[in-house]
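Number of protein chains: 2
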Amino acid sequence: MDDRLRKQMEFALEIDKEKNVFRQTHLSGHGRNENDAEHAWHMAIMAYLLKEYSNEPVDISRVMIMCLIHDIVEIDAGDTYAYDTEGLKTQKEREAAAKERIFSILPKDQKEDLLSIFDEFEANVTNESKFAHAMDNLQPLMLNDSNGGGDWKEHEVTKDKVYGRQSKTREGSEKLFELTDSILKKHIEMGNLKD
Amino acid sequence: MDDRLRKQMEFALEIDKEKNVFRQTHLSGHGRNENDAEHAWHMAIMAYLLKEYSNEPVDISRVMIMCLIHDIVEIDAGDTYAYDTEGLKTQKEREAAAKERIFSILPKDQKEDLLSIFDEFEANVTNESKFAHAMDNLQPLMLNDSNGGGDWKEHEVTKDKVYGRQSKTREGSEKLFELTDSILKKHIEMGNLKD
Numbered sequence: 053m054d055d056r057l058r059k060q061m062e063f064a065l066e067i068d069k070e071k072n073v074f075r076q077t078h079l080s081g082h083g084r085n086e087n088d089a090e091h092a093w094h095m096a097i098m099a100y101l102l103k104e105y106s107n108e109p110v111d112i113s114r115v116m117i118m119c120l121i122h123d124i125v126e127i128d129a130g131d132t133y134a135y136d137t138e139g140l141k142t143q144k145e146r147e148a149a150a151k152e153r154i155f156s157i158l159p160k161d162q163k164e165d166l167l168s169i170f171d172e173f174e175a176n177v178t179n180e181s182k183f184a185h186a187m188d189n190l191q192p193l194m195l196n197d198s199n200g201g202g203d204w205k206e207h208e209v210t211k212d213k214v215y216g217r218q219s220k221t222r223e224g225s226e227k228l229f230e231l232t233d234s235i236l237k238k239h240i241e242m243g244n245l246k247d
Numbered sequence: 053m054d055d056r057l058r059k060q061m062e063f064a065l066e067i068d069k070e071k072n073v074f075r076q077t078h079l080s081g082h083g084r085n086e087n088d089a090e091h092a093w094h095m096a097i098m099a100y101l102l103k104e105y106s107n108e109p110v111d112i113s114r115v116m117i118m119c120l121i122h123d124i125v126e127i128d129a130g131d132t133y134a135y136d137t138e139g140l141k142t143q144k145e146r147e148a149a150a151k152e153r154i155f156s157i158l159p160k161d162q163k164e165d166l167l168s169i170f171d172e173f174e175a176n177v178t179n180e181s182k183f184a185h186a187m188d189n190l191q192p193l194m195l196n197d198s199n200g201g202g203d204w205k206e207h208e209v210t211k212d213k214v215y216g217r218q219s220k221t222r223e224g225s226e227k228l229f230e231l232t233d234s235i236l237k238k239h240i241e242m243g244n245l246k247d
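Chains as they are written, first to last, in this note's numbering: chain A, 53 to 247; chain B, 53 to 247.
Chain A with its partners taken away, still in its complex shape (with noise of 0.2 Å):
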């Protein structure tokens, strides 16, 4: 086998580590907890379904593969849960280190490319980047709806947490935020989310 797709079969055995890591949201049905790759193969998909209410045209190609490699430094720096303040402090430096190792298992030409797809989802600069972001939200939030607001209530989350980072899907998309906070006020409504 030739260097380079050597390289590249070491990544993508690699990436298989994805699988381990766990999120806070629970799948339907109240299931168990959801994984990284998982979350990421559902975002892609949404991604492609949806794509007609992002606020601008986006490049789906382009956001699809956003979606899938959006937490692939999560092998080393694990999964933070968008309300955990701690975690937060920390996060990037974390996820820095993670994304130097990771990536440079690549051939070059490729480390450089996946990089420069990861770091326009950190930026959140593009319309593809905005409307990524919008399923990062979305994805979970219609998981822990399915479950009655489990994931909140565990948590003890509050409204303006939420909100906070719910209302920035509204940068991808205005229709997807309208059906956002017609479910958050549903839960806030029930008592799911605290004040």
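In short, the hints are calculated from the structure, not lab data. Quick reminder that beta carbons are idealized off the backbone N, C-alpha and C, glycines included. Any given hint might turn out to be false.
Said to hold, decoys possible - Examples of chain A residues toward chain B, derived with CB under 10 Å:
#	residue
1	Arg56
2	Gln60
3	Phe63
4	Ile67
5	Asp68
6	Arg84
7	Asn87
8	Ile117
Unchecked claim - Restraint-style ranges between C-beta atoms, simulated for each label pair:
#	chain 1	residue 1	chain 2	residue 2	range
9	B	Lys213	A	Ala175	46 to 54 Å
10	A	Asn85	B	Thr142	29 to 37 Å
11	A	Lys160	B	Asp55	46 to 54 Å
12	A	Lys160	B	Gly202	28 to 36 Å
13	A	Gly83	B	Ile240	36 to 44 Å
14	A	Lys144	B	Gly130	37 to 45 Å
15	B	Glu152	A	Asp161	42 to 50 Å
16	B	Thr137	A	Glu152	43 to 51 Å
17	A	Gly139	B	Ile240	46 to 54 Å
What the hints assert, rightly or not - From chain B, some residues computed to sit far from chain A (all C-beta separations above 10 Å):
#	residue
18	Asp55
19	Tyr100
20	Ile117
21	Gly130
22	Glu145
23	Ser168
24	Glu172
25	Glu206
26	Glu208
27	Glu223
28	Lys227
29	Lys246
For this one, chain A is given, so just place chain B on it according to the hints.
Same frame as chain A, but now just chain B:
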């Protein structure tokens, strides 16, 4: 929520069940069984990374969405192990009913779009579908190889059966079939594949 978005979200929630469809393949590091959603995620990223090895140029966006949705029917029909002769007899029938039920949740235009992608994969005639099939073979082969061929040993799979399936990788990628062939020869030598 309008009717179109309601249908799209219902479908998005329905496919969450794919995370509960477990395959015979085990995760690397002698891990647990892999599920269909993880398998699809892994295939789509591998397609993106290995597209240079496709025999013919491919629309990578179509290959990725094809990889992501190709096992959705298994939500109802279950996973049929590639080397399960009895299961393979009824697979088509079970999957046809599942296909109709699940994709019918979507708005009509999206049902037609996803069915065309799904059927294209199954027909295995276009460049995109042949390359997606190569990923469908290579991804579990890679995991099984990393685990010392444990999945073949567990099911006492013969080398003829494995070559029967894996040789189709050649239609999508000569280069990746060369890699496949070298991996299989190693496992035959090690006695992990029966005569």
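Now for the hints, and whether the structure bears them out:
Restraint check, A:Arg56 versus chain B: the minimum CB separation of about 9 Å is within 10 Å; hint holds. Restraint check, A:Gln60 versus chain B: the minimum CB separation of about 5 Å is within 10 Å; hint holds. At a threshold of 10 Å, the smallest CB-CB gap from A:Phe63 to chain B is about 7 Å, leaving the interface hint in force. Annotation: interface hint on A:Ile67 holds; nearest CB of chain B at approximately 7 Å, less than 10 Å.
Using the Cβ-Cβ criterion of 10 Å, the hint placing A:Asp68 at the interface with chain B is satisfied: the shortest such distance is roughly 5 Å. For A:Arg84, the interface hint holds, since its Cβ comes within 10 Å of a Cβ in chain B; the closest pair sits about 9 Å apart. Of the supplied interface hints, the one on A:Asn87 holds, with its beta-carbon coming within about 7 Å of a beta-carbon of chain B, less than 10 Å. Of the supplied interface hints, the one on A:Ile117 holds, with its beta-carbon coming within about 5 Å of a beta-carbon of chain B, less than 10 Å.
The hinted range of 46 to 54 Å is satisfied by B:Lys213 and A:Ala175, whose Cβ atoms lie roughly 48 Å apart. For A:Asn85 paired with B:Thr142, a C-beta distance near 33 Å keeps the hint of 29 to 37 Å intact. For the pair A:Lys160 and B:Asp55, the beta carbons lie near 49 Å from each other, so the given range of 46 to 54 Å is met. A C-beta distance of roughly 34 Å is found between A:Lys160 and B:Gly202, which places it inside the suggested range of 28 to 36 Å.
A hinted range of 36 to 44 Å for the beta carbons of A:Gly83 and B:Ile240 is consistent with their spacing of about 40 Å. Roughly 43 Å separates the CB atoms of A:Lys144 and B:Gly130, a value that falls within the hinted 37 to 45 Å. Taking 42 to 50 Å as the suggested C-beta distance range, the pair B:Glu152 and A:Asp161 conforms, at roughly 43 Å. Roughly 48 Å separates the CB atoms of B:Thr137 and A:Glu152, a value that falls within the hinted 43 to 51 Å.
Against the hinted window of 46 to 54 Å, the Cβ-Cβ separation of A:Gly139 and B:Ile240 comes to about 48 Å, which satisfies the hint. No beta-carbon of chain A comes within 10 Å of the beta-carbon of B:Asp55; the shortest separation is about 13 Å. Against the 10 Å criterion, B:Tyr100 falls within the reach of chain A, whose nearest CB is about 5 Å from its own CB. Against chain A, the non-interface label of B:Ile117 is violated: not every CB pair exceeds 10 Å, the least being about 5 Å.
Taking the minimum C-beta to C-beta distance to chain A, about 17 Å, the non-interface status of B:Gly130 holds against the 10 Å cut. For B:Glu145, the requirement that its beta carbon stay farther than 10 Å from each beta carbon of chain A is met, with the minimum near 25 Å. A cut-off of 10 Å between C-beta atoms confirms that B:Ser168 is not in contact with chain A; the least separation is 13 Å. The claim that B:Glu172 lies off the interface holds: its Cβ sits roughly 15 Å from the closest Cβ of chain A, which is beyond the 10 Å cut-off.
For B:Glu206, the shortest C-beta to C-beta distance to chain A comes to about 19 Å, beyond the 10 Å cut-off, and the non-interface label holds. The claim that B:Glu208 lies off the interface holds: its Cβ sits roughly 25 Å from the closest Cβ of chain A, which is beyond the 10 Å cut-off. Listed as outside the interface, B:Glu223 is consistent with that label: its C-beta sits roughly 19 Å from the nearest C-beta of chain A, beyond the 10 Å cut-off. Its closest Cβ contact with chain A, about 7 Å, brings B:Lys227 to no more than 10 Å, contrary to its assignment away from the interface.
No Cβ of chain A comes within 10 Å of the Cβ of B:Lys246; the nearest lies about 25 Å off, and the non-interface call holds.
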